[in-house]
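Asker: Each chain, letter by letter, is given below.
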Amino acid sequence: MSFQDSNNKTDQKEKKVITAKSISNVIKTEVETKIKEFHDCGTLGMNFGLQTNQKEVKMVINAINGIVSRAKEGDVVKTRQFELMGKFPPYKYAIIDLEGDPPKFFGLVVSNQVYQIFVTKTIYLIDLYETIWKILNLLIDFYLFTFSNHENRFFKRILPFKLKEGNNKSFFQVLKIVNVQKRDFEGLVPALYSLNERSYHDPLLRNSKNIELHFKNGDYYLIMEHNKSCLLSTLKIVQKRYLKFHLL
Amino acid sequence: MNFYDDSLQYLMNDMLVNAYDFSIVKERIKKIMEKSPCVPYELSVILVAKPPTIESPLVQKFSEEGKIKSFQKKEVCVKIKDAIKGALNNYLESSLNRFSKINNCSTIKIKSDDNEFRVLIQVRNLEKFSSNLLYAMVNHFNVDALGYCDQVEVIVSVAHTKDSCLEEVVKQKLPDLPASALSKFVTLDDKEKVLDFFRCPEVKDVLFNHFFPQGLENDRVRTEITYDTLRQDTIAQKRRKVLLPSGDYENLHDAITPYTTHEEFLQIIDINDILGFYPSVRTTKINEIVTAMIDIDVSGFLRTSFSPSVVWNLVISLTEEIVKNLTDFLRLPKPLVVFSGSRGVHITYKLAPNCVNADFNYVDYLELYLLPSQKSLAKNNKSLIHSKFTFIRSLMQAILLYTAQNISRDKIPKIIQERLGITRIMDLFTLSVFSRNKIGVLLDTSSNNSSVYRAFSIHPGTGLVSIPLLDPKTKSIRTELKDFSQLKEECKPETIISNLRAGKKDIYHQFPPEITKQQIKYLLRPDKLLPYLSVIVRFSDRWATERSPWSMKFWLEMYQLNNFYHYLTAKMLSIERSDKRIGNSYQEVIGLVESSAISTKKFVREVVDDYFFRNISFKALKARLDAFHDLNFYANFKFTEVTTLTDERIDALYSNIRERSIFFRKFASYFNVTMVLLTYYSQTNSKIGITVKKTLTTLWDGSKALSEELQFVVLSDKRDRTLTIKQQFVKICCIFNLLSKFIKELIELSRLQ
Chain F
1 MSFQDSNNKT DQKEKKVITA KSISNVIKTE VETKIKEFHD CGTLGMNFGL QTNQKEVKMV
61 INAINGIVSR AKEGDVVKTR QFELMGKFPP YKYAIIDLEG DPPKFFGLVV SNQVYQIFVT
121 KTIYLIDLYE TIWKILNLLI DFYLFTFSNH ENRFFKRILP FKLKEGNNKS FFQVLKIVNV
181 QKRDFEGLVP ALYSLNERSY HDPLLRNSKN IELHFKNGDY YLIMEHNKSC LLSTLKIVQK
241 RYLKFHLL
Chain A
1 MNFYDDSLQY LMNDMLVNAY DFSIVKERIK KIMEKSPCVP YELSVILVAK PPTIESPLVQ
61 KFSEEGKIKS FQKKEVCVKI KDAIKGALNN YLESSLNRFS KINNCSTIKI KSDDNEFRVL
121 IQVRNLEKFS SNLLYAMVNH FNVDALGYCD QVEVIVSVAH TKDSCLEEVV KQKLPDLPAS
181 ALSKFVTLDD KEKVLDFFRC PEVKDVLFNH FFPQGLENDR VRTEITYDTL RQDTIAQKRR
241 KVLLPSGDYE NLHDAITPYT THEEFLQIID INDILGFYPS VRTTKINEIV TAMIDIDVSG
301 FLRTSFSPSV VWNLVISLTE EIVKNLTDFL RLPKPLVVFS GSRGVHITYK LAPNCVNADF
361 NYVDYLELYL LPSQKSLAKN NKSLIHSKFT FIRSLMQAIL LYTAQNISRD KIPKIIQERL
421 GITRIMDLFT LSVFSRNKIG VLLDTSSNNS SVYRAFSIHP GTGLVSIPLL DPKTKSIRTE
481 LKDFSQLKEE CKPETIISNL RAGKKDIYHQ FPPEITKQQI KYLLRPDKLL PYLSVIVRFS
541 DRWATERSPW SMKFWLEMYQ LNNFYHYLTA KMLSIERSDK RIGNSYQEVI GLVESSAIST
601 KKFVREVVDD YFFRNISFKA LKARLDAFHD LNFYANFKFT EVTTLTDERI DALYSNIRER
661 SIFFRKFASY FNVTMVLLTY YSQTNSKIGI TVKKTLTTLW DGSKALSEEL QFVVLSDKRD
721 RTLTIKQQFV KICCIFNLLS KFIKELIELS RLQ
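As they're listed, the protein sequences go chains F and A.
Quick note on numbering: my numbering labels position 42 of the first sequence as 42, and the sequence is numbered without any gaps.
Quick note on numbering: my numbering labels position 447 of the second sequence as 447, and the sequence is numbered without any gaps.
The hints are simulated quantities; they were obtained by calculation from the structure and are not laboratory data.
Do not take every clue at face value.
Stated by the list, open to error - Computed cross-link-like contacts, PhoX-like style, restricted to lysine-lysine with a CA-CA straight-line distance of at most 25 angstroms:
| no. | chain 1 | residue 1 | chain 2 | residue 2 |
| --- | --- | --- | --- | --- |
| 1 | F | Lys-72 | F | Lys-164 |
| 2 | A | Lys-334 | A | Lys-528 |
| 3 | F | Lys-87 | A | Lys-580 |
| 4 | A | Lys-521 | F | Lys-240 |
| 5 | A | Lys-334 | F | Lys-182 |
| 6 | F | Lys-240 | A | Lys-334 |
| 7 | F | Lys-240 | A | Lys-517 |
| 8 | A | Lys-666 | A | Lys-744 |
Quick caveat: nothing in here was measured; it's all calculated off a predicted structure.
Please model the entire structure based on the sequences and the hints provided.
Answerer: Here you go:
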């Protein structure tokens with residue numbers, strides 16, 4: 001093989017890469033939306049977007065309480081709810097966390113209220129997702145903080161196609177879901193330790209791989225406690241790191 | 001790996017009955033060097049070792065005894081060959097290359113066939129060498145594994161002048177003797193002497209205090225214990241399970257309780273032929289560490305090259321230097337210093353309960369998450385952020401690296417410096433067993449990896465007891481023990497027994513002091529050990545000591561700077577301004593800033609004051625700290641890279657997406673530095689500051705959106721839009737050039753001032 005041949009080959013390779021990139025219009029549109037998001041929810045945007053008053057937060061909490069109590073009546077979707085101690089300034093943000101694949105447990109923290117919603121059988125998943133959708137409708141203006149990309153992927157790419165009312169893609173695209181990890185695959189425990197904070201008790205020892213197994217065995221309490229630990233840890237990271245880094 | 005691998009290892013230990021006497025080589029070299037009329041030019045020593053085969057008498061003997069099964073014979077021979085090969089490959093040449101006097105004067109080659117191993121040592125310019133040094137080079141290959149060999153032959157040749165040929169002086173088979181006759185180690189014949197030592201009740205008291213580090217009342221915290229069991233022909237071997245008087249086998253740490261009487265203890269020692277005890281740094285409760293230790297171990301090469309007193313002087317001065325650093329620089333209590341029983345020293349501390357926690361497999365020290373290469377640390381399950389044992393080990397290594405880096409030349413005996421031609425003191429030390437420097441002093445911390453250390457017991461090789469070297473009152477090394485001959489006398493079991501009977505218990509009843517979590521946190525400050533720990537993480541313990549002086553200085557200074565700013569940011573992040581104890585936090589932060597060695601100390605202090613008293617946001621604080629960090633970084637380490645962009649460079653940046661993203665990061669950093677400095681100067685000269693700041697802000701708003709967009713530009717896209725983007729990109733590059741000029745001039749100005 002001559003030298004020119006090899007050069008040609010590399011050129012072809014480069015061209016292939018470039019064309020592959022230029023062809024991917026889907027990615028492009030996503031990128032454009034990301035840029036828009038960045039401008040909308042950028043640092044300044046977040047500073048204004050988070051501000052609210054106690055009344056508005058209370059109204060949202062009351063509405064969520066209504067949805068949760070209605071979901072309870074059906075006896076298909078199970079719930080657990082409790083309050084956190086301490087001061088919570090009125091900011092428009094919530095912490096969300098999903099457990100299981102496909103998600104069977106949904107955890108939410110709004111102000112000092114913690115909600116855990118789940119189903120015990122996979123055939124009732126649609127009811128869980130409907131409830132989540134109703135709650136998310138109330139949180140459309142809120143920043144939804146998570147500690148992984150999993151939630152963002154689920155809410156924007158999977159959930160729209162699972163609901164009864166058909167494709168609700170446009171609604172889910174507007175959700176302001178923010179991953180508060182410092183880098184990819186950052187662990188929750190090291191993130192807490194790097195803030196000089198203690199970790200929360202977790203019966204699953206921070207091993208979420210076994211959730212499906214526990215679900216099959218009916219150990220819902222263990223999963224709920226794990227979910228609680230995730231939510232509280234993420235809340236602490238948001239309060240002590242993310243907001244400090246981003247609020248003016 | 002097969003099911004009888006472990007038993008095979010025990011079998012191989014039992015087979016190591018013989019050793020070869022190298023004294024003939026020593027005498028010959030001495031004769032050649034001292035009795036010739038002038039020093040010869042070249043010396044060549046060839047060692048020819050023949051490993052055992054299936055027909056060898058050693059294998060046959062064990063086979064007849066039924067210890068080696070017929071199907072195991074071949075495997076045993078292959079394993080023995082591997083062991084000999086591994087032991088002979090000891091990197092002597094690469095170790096010697098560090099020392100200027102010996103460098104390039106020696107050639108060492110190892111050849112291996114199926115039937116024999118051949119080691120060739122050729123040394124030229126013999127006037128640079130002493131006979132001891134030459135013998136040390138040969139003796140370096142006198143490894144234990146040679147004992148397996150059927151026959152070891154030595155050929156010594158000499159060339160008297162540069163032009164003459166090598167002339168064979170000696171060709172002789174080395175005599176093989178029982179290993180016990182050559183090394184005079186403790187065997188089963190000395191059992192009565194050993195029992196005499198343990199019969200002293202005070203010995204049991206001292207040992208039990210090591211076995212139960214939290215006191216005899218708290219018997220839940222007990223260390224794992226290994227012991228040496230006496231052998232007839234071979235050196236004592238380590239075991240963990242003991243045979244009890246009842247006939248059961250049990251782990252020694254389970255057999256011994258605080259309530260075990262002296263008689264019961266003696267009975268266990270008697271039945272199992274115990275010579276010495278090795279408590280572990282780990283407790284019987286899994287994953288608990290109770291002891292932190294440093295082991296100073298002198299290599300066999302140094303021991304053969306220099307007299308015992310010279311080597312002991314080196315060890316003592318090194319120990320004193322480490323203790324001085326521990327107490328003065330790191331504010332720790334004086335550690336327990338114990339003689340190892342041979343030529344080394346153990347420095348030990350006790351760790352307070354819950355001093356190091358590793359909940360959910362992560363160690364709970366904030367400082368560990370500021371270290372470099374976090375991704376790889378997180379991936380590796382045995383790294384220092386996952387394992388508390390590795391963490392303590394790395395901490396001890398950082399102490400040793402600090403000592404090796406800062407030890408003065410006067411502390412090393414002159415004779416060692418002159419004979420080896422030491423140009424850099426660091427060459428004399430290694431932190432890892434796997435290092436290629438096989439002739440330096442091994443500052444070993446591997447015992448902290450859930451391993452063991454000898455406690456007030458007889459050394460199997462020398463028969464000396466490892467006793468504390470400290471004066472019980474002053475806690476400094478006793479002057480009489482600095483003399484090696486006197487130390488040997490003091491460490492004899494008989495002397496210890498007579499001392500104990502005479503009521504001198506205090507000398508031996510010394511235990512390691514406790515270190516707390518707060519003290520460890522103090523060690524991890526950026527002005528203390530954090531930069532050294534970063535170097536160890538960055539280069540690993542094996543290569544940390546291999547850096548050139550310039551490289552070491554560069555990396556240490558860089559990590560001092562990085563660690564300081566990252567630590568300060570993390571500290572400020574964890575401070576709540578609503579906290580009642582805010583005053584203490586302020587004092588702590590100010591203390592940290594004042595003790596640091598950074599040049600922008602004054603600015604940083606002002607920013608910290610602003611955060612505490614003028615309520616600036618954390619975001620503003622971080623922007624300013626980042627700016628000072630970047631400015632320091634460019635000024636100290638990357639000043640040559642603060643340059644303007646040429647047209648070609650702009651084209652290259654535009655076409656490469658990866659370089660472009662790096663460029664934008666750099667641009668953001670330059671911009672931040674400029675903004676922060678202008679803000680600072682605008683406070684003194686408001687008119688200039690505000691106008692320049694405004695123009696920069698407008699430029700920034702335009703460029704930020706563009707930089708985000710440019711990350712995704714596809715090169716083949718030749719639409720009109722990309723053309724305008726390129727024009728804008730050129731604009732950014734022009735601004736970048738302006739900023740870099742500004743920063744460069746600023747750095748030069750500050751240097752002039």
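Asker: Take the hints in turn and mark each one as holding or not.
Answerer: Evaluated hints:
1. Lys-72/F x Lys-164/F: Given that 25 angstroms is the threshold and the Cα spacing comes to 19 angstroms, the pair holds.
2. Lys-334/A x Lys-528/A: Satisfied, since the Cα-Cα distance of roughly 18 angstroms is no more than 25 angstroms.
3. Lys-87/F x Lys-580/A: Answer holds: Lys-87/F to Lys-580/A is near 16 angstroms, not above 25 angstroms.
4. Lys-521/A x Lys-240/F: holds, 21 angstroms
5. Lys-334/A x Lys-182/F: violated, 41 angstroms
6. Lys-240/F x Lys-334/A: Answer violated: Lys-240/F to Lys-334/A is near 39 angstroms, above 25 angstroms.
7. Lys-240/F x Lys-517/A: With Cα atoms ~23 angstroms apart, Lys-240/F and Lys-517/A stay inside 25 angstroms; holds.
8. Lys-666/A x Lys-744/A: holds, 14 angstroms
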